[in-house]
Amino acid sequence: MPQLSLSGLVKTYGAARALDGAGLVLRGGEVHALMGENGAGKSTLIRILAGLERADAGEILLDGRVLTLGSPAAAEAAGLRFLHQELQVVPGLSVAENMHLARDYPTRFGLVDWRALHLAAEAALQRLGVGHIGARVPMARLGPGDQMLVRIAATLLQGSGPAPWLYVLDEPTAALTGAEAARLFTAIARLKAAGAGVLYVSHRMDEVLALADRVTVLRDGAHTSTEARADTDQARLIHAMTGRELSDMYPARQTAALGPVLLSVRGLAAAGLASLDLDLRAGEVVGLAGLAGSGRNAALKALIGAVARRGRVELAGAALAVTPAGTWAQGLAYVPRERRAEGVMLLRALAETVSLPHLGALSRLGFLDRRAERGAVAARGAEVRLKARGPGQPVGQLSGGNQQKVLFARALLGRPKVLLLDEPTRGVDVGAKFDIYSLIRGLSAQGVAVLIASSDLPELIGLCDRIAVLHGGVHTQTLAAEGLTEAELLARCYESPTR
Amino acid sequence: MAHFLRTYGTLLGMVLLVGFFWISLPDTFMTARNWLNISQQVSMLAVVAAVMTVVMVMGDFDLSVGSMASLAGVVAAVMFVQGFGIAAGVAAALAVGLLGGLVNGLLVSLIGILPFVATLATLTMYSGLAFVISGGKTIFGRDIPQGFADFARGGIALGGDKPLVLPYLTLTALAVVALVWLLLEQTSYGRRLYAIGGNMEAARLAGVRVTWLRLTAFGFTGVGAAVAGLMYAARVASANPTQGAGLMLSAIAAVFLGMTMAENGQPRVLASLAGVVVLGVMDNGLTQMQVDSYVREVLVGLIILLAVSISALGRRAVTGR
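These protein sequence lines map, in sequence, to chains D and A. Residue numbers for the first sequence follow UniProt numbering, so the first one is 1 and each next one is one higher. Residue numbers for the second sequence follow UniProt numbering, so the first one is 1 and each next one is one higher.
Keep in mind that the hints were calculated from the coordinates and are not lab data. For glycine and all other residues, C-beta sits at the position ideal for the given N, C-alpha and C. Any given hint could be a false lead.
[Stated by the list, open to error] Partial chain A-side listing against chain D, Cβ under 10 Å, derived:
(1) G141
(2) P145
(3) R191
(4) Y194
(5) R204
(6) L205
(7) G207
(8) N264
Between the sequences and the hints, there should be enough to build the whole structure, so can you do that?
What follows is the structure, encoded as C-alpha cells:
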C-alpha cells in the first residue's frame with residue numbers, strides 16, 4: 001500500500017501563520033478524517049497537497065521518497081485527486097463528457113467516437129457502484145450528490161497517466177441530502193476496498209465517526225491528535241478541536257412558559273409542499289424534519305414570501321404578507337439555506353448585509369442614518385459573537401461560521417417575532433455551532449418563536465420543543481422532541497402519510 | 001506595492017498625465033481658463049457617466065444613453081420649431097428620457113431580458129426615432145431660442161483681469177453628480193441598488209423590491225441621458241440625431257476607469273467623475289498638442305486598457321490567483 005507522510009508543514013501568509021508544524025500520514029486502503037475549526041489550517045494543508053501552495057517548511061514523503069508538489073500537475077502525477085465543495089462541472093454537457101473534460105475524447109478517424117466515450121464512462125460508473133447514473137444524461141439534471149459521484153467516477157476512467165490512489169474530499173456532503181450522502185459513503189467504501197486512501201475533511205461529527213479509520217485534528221495550524229476511530233469519540237474530538245470541554249453541544253432547555261401563538265399556519269402549500277399546519281408560540285422552538293425533497297425548506301421559503309404560497313398564515317393575529325419586503329417588515333426574519341447564494345454579499349461590507357432588510361427603519365426620509373446603522377450592527381454583531389475586523393470588512397473574508405453569524409445578526413436586527421432558520425449550522429465549525437445554539441436558546445427565552453428546518457437530526461432533537469415531520473410535501477406528524485432518539489426520528493421521516 | 005497599484009494606480013496615472021501635459025504645454029495647459037474649459041467640455045460626459053453609474057451599481061448596463069441623449073435634443077428642438085417655449089421643450093425632452101428609461105427598466109426587470117441585449121435594442125430604436133422626428137436633418141438657426149443657447153455660453157463670472165467664467169454647463173454637471181452621489185451613497189435607495197449588484201437573490205430574500213428598484217433606476221438613467229442631450233443641444237445651439245452617439249462608450253469607459261480606483265472594484269460616482277476627468281484631460285491635452293483625433297482615440301483606448309490591466313493584476317497579486 002502506498003503511504004504519503006507529511007511532517008512539520010509551515011505556511012505563513014504575511015503575519016498570519018496558517019500552518020505551524022502540521023503533519024499526518026495517509027495510507028492506501030484507509031479513510032483518514034481531518035477535522036478542525038475554521039482557521040485550523042485544513043484548507044491550507046489541502047492546498048499544499050494539491051500543489052496550489054508551497055509550504056515554507058516541512059517534508060512530504062511518498063513511500064519514503066521526497067515528493068515535490070509544486071503544481072497541480074505534480075499532485076496528479078503522484079496519484080492524488082481532489083474533490084472540492086464547489087464542483088467544477090459543465091451543466092450543459094452529458095455525464096460522459098464531463099468525465100472526459102480533463103482528458104482526450106476517444107476518437108475514430110479523427111472524429112469523436114461517441115460510443116467508446118459512453119462505454120468508457122459507463123464502465124467507470126459501474127466500477128464505483130453508481131450504475132444508476134446514465135452516461136448520456138445532461139449533468140444539469142443530476143443533483144449535487146450524483147454530480148460528485150460522477151466526478152469521482154471520472155478518476156476511475158482507464159487510460160493515460162498513473163492510477164489515482166488517494167482521494168481528498170473537502171466537505172463533500174456540505175451540499176448533499178442524507179440519501180445522496182449515503183450513496184457517497186458507499187462509493188467511498190468501494191474505493192477503500194479497492195486499495196485507495198481517502199482524506200476526508202468534514203465538520204460533521206457523525207460522518208467522521210461512521211466513515212473514518214483514523215482521525216487527525218488540527219488546531220491553530222498545528223497537529224493536535226491522531227487517533228484510531230476505535231479509540232476516540234465525539235467528546236474527545238470536540239475537545240481536541242476546541243480545547244474546550246463541550247460535554248454537551250446543546251445548551252440546556254429552559255422550561256419557560258410558552259406565550260401566545262405568534263405564527264399560525266393552516267393548509268400552507270407551495271411548490272414542493274402540499275400541506276402544513278402549525279402553531280408556533282412565543283418562546284417555542286419548532287423543527288421541520290424530513291428527507292430531502294420533503295418540503296421542509298420549501299415551507300420556510302413560502303413563509304418568508306420568496307415563492308408563491310396558498311393557505312392561511314397569520315403572524316401575531318394579522319394575515320402574513322406575501323413578499324419578503326412585507327414579511328420582514330411584519331416581524332419575520334429568515335436565515336436562508338444557501339449562505340453565499342441567498343444570504344450574503346461577499347464583496348461588500350458586512351454591515352450592508354446585516355442592515356439590508358432594515359434600511360427603512362434605519363433611515364429618515366430615505367436618507368440613511370449611518371450612526372444608527374453602525375450602532376445597531378455593532379450591537380447585533382456582539383450579540384452573535386461575530387469575529388470580524390469591523391463593520392466594513394467584506395463578508396467574503398470571513399470564515400463560514402462568521403458569515404453565518406452575519407446572517408444571524410441580520411435576522412436579529414429588527415427584533416423579530418418569529419425567526420425562520422434553514423439549515424442554520426450548515427458548513428459551520430464546532431465553535432460557531434455552539435454559539436449559534438446558545439443564541440437560539442437565548443432568543444427563545446426572550447419570547448422569540450423559532451422555526452428550524454434541518455437535515456441534522458441530533459440538532460433538531462437537541463434544540464427543539466416540537467418537531468413537525470414532513471414526507472413528500474405532506475405534514476405527517478408532530479412529535480415532542482424530549483426523549484426522542486435520532487433513530488426514531490429518522491424512522492418517522494420515512495413514514496408515508498397515512499391516508 | 002501590488003495593493004498600492006491597485007488602489008492608487010489610476011490616480012497615479014492621472015497625476016502623471018497632468019504632469020506630462022503641464023510640461024509639454026507650459027503656457028496653456030495648467031491655467032484656470034483651460035481647466036474651466038475642460039470642465040465645460042466634459043460636462044455632458046460627466047452627467048451620462050454619473051447616471052450610468054446608477055445602473056452599473058446593480059451590475060446592469062444602459063447602452064441606450066447616447067441615442068437617448070440625441071433623441072432628447074431632437075425632441076426639444078422639434079418642440080421649439082413648433083413654437084413652444086424653452087420650458088415646454090425641456091420638459092418634453094425630460095419626459096421622453098424618463099419614458100425611454102422606464103422602457104429599458106421594464107424590459108430588464110419585468111420581462112427579464114439581459115440589460116446588454118435590451119438596451120442594445122432600444123439604442124437602435126431611440127436612434128431611429130431621433131431620425132424620424134428630425135427628418136434626418138440638423139435643426140438649428142432661428143428655431144432654437146436664444147435663451148436656450150445662451151445657457152450653454154453663460155456662466156458665473158469669477159473675476160480676474162481677463163474675466164474667467166464658471167460655465168453653467170459645469171455647474172449643471174456638478175449638480176447631477178452631487179444628486180447621484182446623494183442617491184447612491186446617502187439613501188437607503190442607493191444602498192439597496194448596491195445590494196442588488198452585490199447579490200440579487202439575497203437582496204430579494206432580504207425584502208428588497210428588486211423589480212421596482214431596477215425599473216426606477218433605469219428611469220433615472222434615462223432622465224440623466226436626456227439632460228446630457230439638452231446640454232449638448234444648447235452648447236451647439238442645434239440638434240441632430242447623432243450628436244449623442246459618442247457619449248455611451250466614453251461614459252462606460254469612465255465608470256470602468258473609476259472602478260479601478262474604488263475598493264473591491266465597485267462603481268462609485270465620484271470615482272466615475274475622476275474617470276471622466278482623465279478622459280477630458282487626455283482629450284484636451286492631446287488636442288492642444290495637435291495630435292490627430294484618430295490617434296487620440298487609439299490612445300484613449302490604450303489608457304483604459306492599461307488602467308484596467310493594472311487593476312486586475314494588482315487584484316491577482318493580492319488574492320494570490
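Any hints this thing doesn't respect? Which numbers, in order?
1, 2
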